[in-house]
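**Student:** My request is simple: use the sequences and hints to build the entire structure.
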Amino acid sequence: MPTFNNVSKIKNMPISRLLLYYPTSSPTPQLYTFYNIEEGSSVIFTPITVPNDQGGETIVAWEQKVSVTILENDYGTKAGLLSDMASLRLSDVDIQLKPLSGQQNGATMWVSPDTSPALKVKDWSLLFNIESSSETPRLNISITGLMSVELFQSSEFVAALFSEGDGF
Amino acid sequence: MAVIINYILLMYQNGSDVPNTNAFNAVTNLEFNNVTRDQSTALSGRMYDHVLARRREWDVVISADELAGSGNEKLAWLEAFWNADKQFVRTDTTDTEVIEEMTFTRVMTGGGRSPKEFIRNNKLLPQYKMTLIEALR
Chain A
0 MPTFNNVSKI
10 KNMPISRLLL
20 YYPTSSPTPQ
30 LYTFYNIEEG
40 SSVIFTPITV
50 PNDQGGETIV
60 AWEQKVSVTI
70 LENDYGTKAG
80 LLSDMASLRL
90 SDVDIQLKPL
100 SGQQNGATMW
110 VSPDTSPALK
120 VKDWSLLFNI
130 ESSSETPRLN
140 ISITGLMSVE
150 LFQSSEFVAA
160 LFSEGDGF
Chain B
0 MAVIINYILL
10 MYQNGSDVPN
20 TNAFNAVTNL
30 EFNNVTRDQS
40 TALSGRMYDH
50 VLARRREWDV
60 VISADELAGS
70 GNEKLAWLEA
80 FWNADKQFVR
90 TDTTDTEVIE
100 EMTFTRVMTG
110 GGRSPKEFIR
120 NNKLLPQYKM
130 TLIEALR
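Top to bottom, those sequences are chains A and B.
The opening position of the first sequence corresponds to residue 0 in numbering that gives the first Met the number 0, with each subsequent residue numbered one higher.
The opening position of the second sequence corresponds to residue 0 in numbering that gives the first Met the number 0, with each subsequent residue numbered one higher.
Hints are not guaranteed to be accurate.
Unchecked claim - Under the rule of at most 25 Å between Cα atoms (straight-line distance), these lysine-lysine pairs were calculated in the BS3-like manner:
id, chain 1, residue 1, chain 2, residue 2
1, B, Lys115, B, Lys73
2, B, Lys85, B, Lys128
3, B, Lys115, A, Lys119
4, B, Lys128, B, Lys73
5, A, Lys64, A, Lys97
6, B, Lys73, B, Lys122
7, B, Lys85, B, Lys115
8, B, Lys122, A, Lys119
9, B, Lys85, B, Lys73
10, B, Lys128, B, Lys115
11, A, Lys119, A, Lys64
12, A, Lys64, B, Lys122
13, B, Lys73, A, Lys119
14, B, Lys128, A, Lys119
Stated by the list, open to error - FRET-style restraints, in silico, Cβ to Cβ:
id, chain 1, residue 1, chain 2, residue 2, range
15, A, Phe151, B, Asp37, 53 to 63 Å
16, A, Thr48, B, Thr40, 43 to 53 Å
17, B, Arg36, A, Glu62, 46 to 56 Å
18, B, Arg119, A, Tyr34, 30 to 40 Å
Hints listed in this document are in silico derivations from the structure and should not be mistaken for laboratory results.
Only a predicted model underlies this, so the values are computations on that prediction, with no experimental measurement involved.
Backbone N, C-alpha and C define an ideal beta-carbon position, used for all residues, glycine too.
**Tutor:** Here it is as structure tokens:
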């Protein structure tokens, strides 16, 4: 039975993969997958609050901020990527986390709000910039996702949001 | 549903239609008294004080935790409440039992544009800020 004080249960989990989904005319979305995630990339969930009449704040929604730097200059193979990022609205974002210790090789964990079907709001916006130097061709992506309060209100949703993939 | 802080029941009626009731978890629900007085000094120097009207008012904020999302049914209901012929409120309850219409208080909201605002200017995060006014005798 894990407890909140059991630090051996905490694994260091860097971002290992970013998946962007863009809508297409067919039911299957256009998927772009990035593996070369650089150090310092992050996923942060921040509450959006309003003052209540008890002197505190009430959480009325959640914001998911994804900030990712990718080693990328292969825009020839990913032909539609830049035009999709520049002109379309993201339909979904998945983040794969890579456990460093305590799990077998290849173990994965997902941060995927799409698995919470009861969410009343799931809205994404994406900004990107391209940085090139002699050493590092970089694609910097920052994504803001808006989620309704249901995001963390059910243990089932939370378990689905942080779902364990292969190897756990 | 999050922890219920301020459970508020609203009801509206158009003409002689069956009244329509809905429950909300208000972020803010504050009660005030409001009195209109005619106070002055007569020519004789005598001071007078007539109470012309007494009202009870509630400042109610129903926020995006209830109203978020496009096509939100509760937001559409509040807009219908705002537009309705007659409006009622019941705040003295903490449960979701079947409500008898007699337990509601007739209120007014005032006219004008519906008191809707959008958190962070995001149309998916609406918030309703209204004052419910009960006329007292």
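**Student:** Tell me, which hint numbers fail for this structure?
**Tutor:** none
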